[in-house]
Amino acid sequence: DGGITQSPKYLFRKEGQNVTLSCEQNLNHDAMYWYRQDPGQGLRLIYYSQIVNDFQKGDIAEGYSVSREKKESFPLTVTSAQKNPTAFYLCASSTSGSEQYFGPGTRLTVT
Amino acid sequence: AQRVTQPEKLLSVFKGAPVELKCNYSYSGSPELFWYVQYSRQRLQLLLRHISRESIKGFTADLNKGETSFHLKKPFAQEEDSAMYYCALTTSGTYKYIFGTGTRLKVLA
Chain A
14 DGGITQSPKY
24 LFRKEGQNVT
34 LSCEQNLNHD
44 AMYWYRQDPG
54 QGLRLIYYSQ
64 IVNDFQKGDI
74 AEGYSVSREK
84 KESFPLTVTS
94 AQKNPTAFYL
104 CASSTSGSEQ
114 YFGPGTRLTV
124 T
Chain B
-4 AQRVTQPEKL
6 LSVFKGAPVE
16 LKCNYSYSGS
26 PELFWYVQYS
36 RQRLQLLLRH
46 ISRESIKGFT
56 ADLNKGETSF
66 HLKKPFAQEE
76 DSAMYYCALT
86 TSGTYKYIFG
96 TGTRLKVLA
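From first to last, the protein sequence lines are chains A and B.
Mapping to our numbering: the first sequence position 76 is 89, numbers consecutive.
Mapping to our numbering: the second sequence position 20 is 15, numbers consecutive.
One or more of the hints may lead you astray.
As the list claims (entries may be wrong) - Below are the DSBU-like pairs computed for lysine-lysine, each with C-alpha atoms no more than 35 Å apart in a straight line: (1) B:LYS68 to B:LYS4; (2) B:LYS17 to A:LYS96; (3) B:LYS68 to A:LYS22; (4) B:LYS10 to B:LYS68; (5) B:LYS52 to B:LYS68; (6) A:LYS22 to B:LYS4; (7) A:LYS70 to B:LYS10; (8) B:LYS60 to B:LYS17; (9) A:LYS70 to A:LYS83; (10) A:LYS27 to B:LYS4; (11) A:LYS22 to B:LYS60; (12) B:LYS4 to B:LYS52; (13) B:LYS10 to B:LYS52; (14) A:LYS70 to B:LYS17; (15) B:LYS91 to A:LYS22; (16) B:LYS52 to B:LYS101; (17) A:LYS70 to B:LYS4; (18) A:LYS22 to A:LYS83; (19) B:LYS91 to A:LYS27; (20) B:LYS91 to A:LYS84; (21) A:LYS22 to A:LYS70.
Unchecked claim - Reference excerpt, derived from the structure (chain A facing chain B, CB under 7 Å, subset only): (22) GLY55; (23) SER78; (24) SER109; (25) PHE115.
Simulated from the structure, these hints should not be mistaken for laboratory data.
The beta-carbon is built from N, C-alpha and C at its ideal position, and this holds for glycine as well.
Build out the structure end to end from the sequences listed, making use of the hints.
The following block contains the structure:
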């Protein structure tokens, strides 16, 4: 199904390496988001972007970086500065004040 | 500060029993409230939003501005309702959403 896609589904990296998670949407939504989902902590916002070439830090942006060069794409880079990168990462998109549409998620494991 | 509180991490009920998942929020403006659900091995999806005032899969939620609550209710729980439920808040004209920590609902046979 279309909508919003994330790749890969599972990702394994060695500690100290940067890794980029892909997120694409074909919903023509202005806004895109990255969340981190950890057991017992719900969804925590990493970064969001309201428009191309602009993005804002969320609550836990340290150790992460993003870009928004195209409306359809919002990749997330987990850098070596992120102290606890192993997690489930969710991408979402929306229009203003409306519901968010979520991708299937990427499970990142760093060893 | 804007905040969404879901006080229960886990809620277990028997099939056929009523269920209420609590959600309280703190926000000074006019919020838009949502309930999202994540079934096992499925992506997070919208269950309902307060402005639509509709019932989805037998669930309803009423926004109580006086008590700043948006509790999710269903009169008779079914096993397929077992899932993770998140309450979320945003405001019209903005793009930022605040999520609660989620409540796992287990419906026992």
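Outcome of the hint check:
1. Among the hinted pairs, B:LYS68 with B:LYS4 is consistent with the structure: their alpha-carbon atoms are about 16 Å apart, no more than 35 Å.
2. With a C-alpha separation of about 33 Å, the suggested pairing of B:LYS17 with A:LYS96 holds against the 35 Å cut-off.
3. Only pairs whose Cα atoms come within 35 Å are accepted, and B:LYS68 paired with A:LYS22 is accepted, the gap being roughly 33 Å.
4. A hinted pair counts as satisfied when its Cα atoms are at most 35 Å apart, and B:LYS10 with B:LYS68 qualifies at roughly 14 Å.
5. For the suggested pair B:LYS52 and B:LYS68, the alpha carbons sit about 11 Å apart, so the restraint of at most 35 Å is met.
6. At roughly 26 Å between alpha-carbon atoms, A:LYS22 and B:LYS4 fall within 35 Å of each other, so this suggested pair holds.
7. Distance restraint check for A:LYS70 and B:LYS10: the Cα-Cα separation of roughly 42 Å exceeds the 35 Å cut-off, and the hinted pair is therefore not satisfied.
8. Distance hint between B:LYS60 and B:LYS17 is fulfilled; the C-alpha atoms sit about 14 Å from each other, no more than 35 Å.
9. Restraint check for A:LYS70 and A:LYS83: the C-alpha separation of about 18 Å stays at or below 35 Å, so the hint holds.
10. With a C-alpha separation of about 32 Å, the suggested pair A:LYS27 and B:LYS4 falls inside the 35 Å cut-off, and the hint holds.
11. For the suggested pair A:LYS22 and B:LYS60, the alpha carbons sit about 40 Å apart, so the restraint of at most 35 Å is broken.
12. Restraint check for B:LYS4 and B:LYS52: the C-alpha separation of about 22 Å stays at or below 35 Å, so the hint holds.
13. Restraint check: the Cα-Cα separation between B:LYS10 and B:LYS52 comes to about 15 Å, which is no more than 35 Å; the hinted pair holds.
14. A threshold of 35 Å between alpha carbons decides the hint, and for A:LYS70 with B:LYS17 the separation of about 29 Å falls inside it, so the pair holds.
15. About 25 Å separates the Cα atoms of B:LYS91 and A:LYS22, which keeps this hinted pair within 35 Å; it holds.
16. Between B:LYS52 and B:LYS101, the direct Cα distance comes to roughly 16 Å. Compliance with the 35 Å bound is thereby established for this hinted pair.
17. Pair hint A:LYS70 plus B:LYS4 holds up; C-alpha atoms about 27 Å apart against a cutoff of 35 Å.
18. Taking the CA atoms of A:LYS22 and A:LYS83, the gap is about 22 Å. The hint holds against a cut of 35 Å.
19. The hinted pair formed by B:LYS91 and A:LYS27 meets the criterion: a straight-line CA distance of about 32 Å does not exceed 35 Å.
20. At roughly 17 Å between alpha-carbon atoms, B:LYS91 and A:LYS84 fall within 35 Å of each other, so this suggested pair holds.
21. Proposed proximity of A:LYS22 and A:LYS70 is supported: the alpha carbons are some 24 Å apart, at most 35 Å.
22. Annotation: A:GLY55 was flagged as interfacial toward chain B, and the flag holds, the nearest CB pair being 4 Å apart, inside 7 Å.
23. Look at A:SER78: its Cβ only gets to about 19 Å from chain B, farther than 7 Å, so that hint breaks.
24. The beta carbon of A:SER109 comes within 6 Å of a beta carbon in chain B, closer than 7 Å, and the hint placing it at the interface holds.
25. About 4 Å separates the beta-carbon of A:PHE115 from the nearest beta-carbon of chain B, less than 7 Å, and the hint is met.
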